[in-house]
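**Student:** Please model the entire structure based on the sequences and the hints provided.
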Amino acid sequence: MSFRKYPFLIGRLTRNIKTFKNGILTTGLTPLENISTPSVCVSCRTLSSSSSSSSESESENDLSAEFYDIVIVGGGLVGTALAAALGSNGRLANKQILLLDSAKNFGTKPPESERDGGDPNFSNRVVALSPGSKALLNRLGVWENVWRSQTVSCLQVWDALSDANITFNYPDYTTPVSHIVENPVLAHAICQTLDLVDKVKVEFGSKVKSCTIPSSENPREKASVVLENDRILKTDLLIGADGFNSKVRSSISSPSIAFNYDRNAVVATLKLCDTPENYIAWQRFLPSGGPIALLPLAPNYSSLVWSTTPNHAKELLDMEPYDFVEAVNSAFWKEYERSELVKKSCELLNALKLNNKGPRVLPPSIIEVVDKSRASFPLGFGHSAYYASRRAVLIGDAAHRVHPLAGQGLNLGLGDIEVLVQVLSETVGIGGDIGAFDTLREYESQRQRHNIAIQSGIDALHRLYSIDFPPIVALRSIGLSVVNSSELMKKFFMSHAAA
Amino acid sequence: MFSKTTLLLSSSIICGCQRRRFSLIKFAGRYYHCNSVSLRLSGSQARVKASRAHNGLSEKYFGKSYRAFSSQTADTTSGSVRPEEIDKFEKMSSSWWDQSEGGQMKELHSMNRLRVPFIRDGLLQKTGSRTEVPNPLEGLTILDVGCGGGVLCEPLGRLGAKVKGIDPGKGNIFTATTHLSEELRDNISYECTSIEDFATKYKENGYDAVVMSEVVEHVEKPEDFIRIGSSLLKPGGSLFLTTLNRTMESWMGAILAWEYLLRRLPIGTHEWRRFLTPEEIARILKSSKAYSSVKSFLTFLKKSYSKVL
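Which chain is which? The protein sequence lines are A and H, in order. To convert, count from 1 in the first sequence and add 844; that's our numbering. To convert, count from 1 in the second sequence and add 1; that's our numbering.
Honestly, the hints are just simulated from the structure, not real lab data. Remember, predicted model here, so these are calculated numbers, not experimental data. Heads up, a few of these hints could be off.
Pair ranges (Cβ atoms, derived) [stated by the list, open to error]:
#: 1; chain 1: A; residue 1: Phe1048; chain 2: H; residue 2: Lys171; range: 47 to 55 Å
#: 2; chain 1: H; residue 1: Glu91; chain 2: A; residue 2: Leu1071; range: 44 to 52 Å
#: 3; chain 1: A; residue 1: Glu988; chain 2: H; residue 2: Gln126; range: 30 to 38 Å
For lysine-lysine, the following DSBU-like pairs were computed, each having C-alpha atoms within a straight-line distance of at most 30 Å [as the list claims (entries may be wrong)]:
#: 4; chain 1: A; residue 1: Lys1187; chain 2: A; residue 2: Lys1334
#: 5; chain 1: H; residue 1: Lys171; chain 2: A; residue 2: Lys939
#: 6; chain 1: H; residue 1: Lys107; chain 2: A; residue 2: Lys939
Partner residues aside, some chain A positions facing chain H, computed with beta carbon under 8 Å [unchecked claim]:
#: 7; residue: Leu936
#: 8; residue: Pro1063
#: 9; residue: Arg1064
#: 10; residue: Ile1274
#: 11; residue: Pro1315
Where is the CB? At the ideal position from N, CA and C, for every residue including glycine.
**Tutor:** Written as C-alpha cells, this is what we have:
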C-alpha cells in the first residue's frame, strides 16, 4: 500500500518528525531523534499552550456545570469494558467516572439461553477474542461471567481459486487460537462486572449533542459535553468510544480515512451435520465477493460471516432457508474454474511438497439455518490520524475500523483499553494530569504503532483476495503455501494476531 | 536535557542488550544525578553541625575553582541567590508550561517521569505506604526550593502531599500561581522568597521532604543552600536533590549541544563550572554527619528500569 494513497495513515508518527517531512517519511524513528531535532515546527494544528492567556474565561463560566474526572461517550463493548477497567484500577480510585450511552439498558438484560422450541438461542453477532483479549477480560473479572463461549483451536483458511491453504494452530491442538463469544453474552458479562464497580456512574438514554475540547493546555480548561437535553458536563478527560461515526472524533478535528468496501457481511446461525467436536474455524476466500467464514459456536452450531457484494447479500437474505443452506454449502465446496497458470503453480507447489501437510480436514456441511437469524450489515475501513488531543482520546471503532476477515475489530479495541488504562495509571502514579496532551500522546503512539500495522495488513489481504487475475492468484497461492510451510512465519503471524 | 538520558535508556531497553543497557545507565549517571538523603538528627542539630562542618569543607574538597564563588559565612540576607540567575529565569518565566514541540521547558516536563517516582518512592519507602493508591503522599509536607513555574510542585501536590514552592523570581511565582487549577489549591502554595529569608521566618516543625531539583547549579553558594535547605527538615525527613553532573558528557550535552548547537535553551542558561559532581554533593551532605544514607542516581535508575524490563 502506498502512503500517498493514505496521507493521514501515519498521522502522529510523522508529527513528531515534522522537520523531516514534506513527503519523505522517515521510519523507525526513536524518541531520541525527536529530542535532538532542531525544532522547526510545521504544525498542522496548533497545540502550543499559552499558560497565561485565557485562563480566567473558562473557569468562571459554567460553575454550575457538572464535573466528572473522566467521561466515556459510548457504552458499546469497548466503552463498557473500559469503564470497568478504569473503575477497578487502584490508582484511579478517587476519579469520578461517567459512562454515557444513547441506548436504553444495553446488555443489562440477560440473553435467553433457550428459545421456545428447546433449541439453544444463539445470537447471530459474534466476536472472535484473541488469547490476549481473553487475558484482559479475565483480569477484569469479565470472563467468569461469560457463560457461553466456544474455543477455537484451529483456523483453516483456503483459496477458492487454487489449492493453497493455511492452517493456524498450536502444535498440541489444545491451546486456543481464539474464542468465539456472542455479542450479547459478552455485553452482559461486562455489564455484570461494571455493576460491581460502584464508582462508575452509567447513564443510559443520554444522547450527546456536541463535544468541545479546550483550546489550550491550561489545566483550568476542561473538555465539555453537551447532551440532547442541554445538560452540560465538564471533564478532565473525554473518551470517545462512540463507534465509527464518533462525535468525539469530530470534536478533535482529526483527519481521517473512511471508505466502504462495497461489501456487506451476511451473518446467520447455522446447524451443522454431525459435528459434536466443533473447534475449527473455517474461512474460504471466494472470487468476486470476499471470504466466507464459519465460526464454531457450540457442538453442531456455527456462526456464518459471509462478506459479499450488497446485491448478493440482499439475495441471500431474501432466499428460502433451504436455498440459503444450499448457497452456503456450495460456497464452501464449489470448485471454481482454474486458469492454466494457477494449475501449473499448484503442481509446482505440490512437487516441492510445500502444499502437502498431511490430509486436509474438510469443512462440515450445513443442514439448517436457524430461523430469523439472517442479517446483513455494510463493511468499511476507518482510520483516525489522531487518537488523542487535549483532554480527549479515542478508542475502539472511533479510532479504527477494520474488515472482519481476520476477526480483529474488538481485539484492537480491547488492546486500546489495556494501553490507555496503563498510561493513565502511570500518569496518576507520577502525579501527572490525566488529560494532558503529552500523556494521551503516549497512548496514541503506542496504539497506532500496533493498530496501523494490523489495519493495513487486513486491508491488503482483502484487496489481494478480491483479485482473480491468474498471475496474482498464482503468486498469492505460492505466498500462502510458503507461509504455511514455515513454522517461523506462522508463529510470527499468530503472535501478532494473538496480542 | 534530562529527557535525553531517559531516552537513551529507553533506546537501550528496545535493544534489550544487558551490557549495553548498563553502560548507558552509567553514561546517564555521568550526565546527570539525583541524590536523596534522610536526616537522622533533628533539624536544629543538623543546622549546627552542617554549618560547623561547612567552612572547612569547601576548601578541603572543592579546590580552587570552586572556592572562587563560595564565601566564608552564611549570609542570610543576600544569601545564595544570584541576581543574574533570577533575571535569566524571569525572562523565561512565561514559558514554564510550554510543552509544545520545541518548547524550552519540554525536557523539564519529561524529567518528571523520573524525578517524581524518585521522590515518591523515596518517601514511601519510609512510610511503607503503597503506590497503588490515588494519593500515596497524603499527609506529607514538601518544600520545593527553586520551584520555578511549579513544574514539579503540581505532580507532587496531585499525589496528595502538601507542597510549598518557593522561588526568588516574581514572574516564576506569578506563572506558577496562575497555572494552579482549583482542585490543587488546597495542596499547593507558592511564595516569592529566597531560601534564607524563608528559613528565618519559618517557625514550624519542618518538612517531611525538601526538594532541590535542577537548582543547585544556579545558586551562589551551594553548600549554604543545601545546608539551609536541610535545616528545614523534620527529624528523619528527606532531602531530594537532582542536578547535572560536572563531566565532559554534561558539557557536551547540556551546554554545547543544547545551548550552542540546538539552541533549545538560551546560551548561558547553564554554567558548567557551577555543576556539582555526586561526590561533591555527597561530601557536603555527609560532612554534617547528620545523614544516615545517601542514595545515588545509579542505584535508583537500575532499580526503576529493571522494573520496566
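**Student:** Would the hint on A/Pro1063 be counted as holding, given a Cβ-Cβ threshold of 8 Å to chain H?
**Tutor:** Result: holds, 4 Å to nearest chain H Cβ.
**Student:** Would the hint on A/Arg1064 be counted as holding, given a Cβ-Cβ threshold of 8 Å to chain H?
**Tutor:** holds (5 Å)
**Student:** If I claimed the Cβ atoms of A/Glu988 and H/Gln126 lie 30 to 38 Å apart, would that claim hold in this structure?
**Tutor:** holds (36 Å)
**Student:** Can the hint on A/Ile1274 be confirmed by a CB-to-CB distance to chain H that is less than 8 Å?
**Tutor:** Interface hint status for A/Ile1274: holds (4 Å vs cutoff 8 Å).
**Student:** Are the Cα positions of A/Lys1187 and A/Lys1334 separated by 30 Å at most?
**Tutor:** Distance of about 25 Å is within 30 Å: holds.
**Student:** Can you let me know if the beta-carbon spacing of H/Glu91 and A/Leu1071 is within 44 to 52 Å?
**Tutor:** Distance hint for H/Glu91, A/Leu1071 holds at roughly 46 Å.
**Student:** With 8 Å as the cut and Cβ atoms as the points, is A/Leu936 at the interface with chain H?
**Tutor:** A/Leu936 check passes; min Cβ-Cβ to chain H is 7 Å, inside 8 Å.
**Student:** Check whether the Cα positions of H/Lys107 and A/Lys939 lie no farther apart than 30 Å.
**Tutor:** Distance of about 27 Å is within 30 Å: holds.
**Student:** Tell me if A/Pro1315 is really an interface residue toward chain H, meaning its C-beta lies closer than 8 Å to one of theirs.
**Tutor:** violated (40 Å)
**Student:** H/Lys171 and A/Lys939: Cα distance at most 30 Å?
**Tutor:** violated (34 Å)
**Student:** Could one say that the CB atoms of A/Phe1048 and H/Lys171 fall in the range 47 to 55 Å?
**Tutor:** holds (52 Å)
Comparing the model with each earlier hint shows violations of hints 5 and 11; every other hint is respected.
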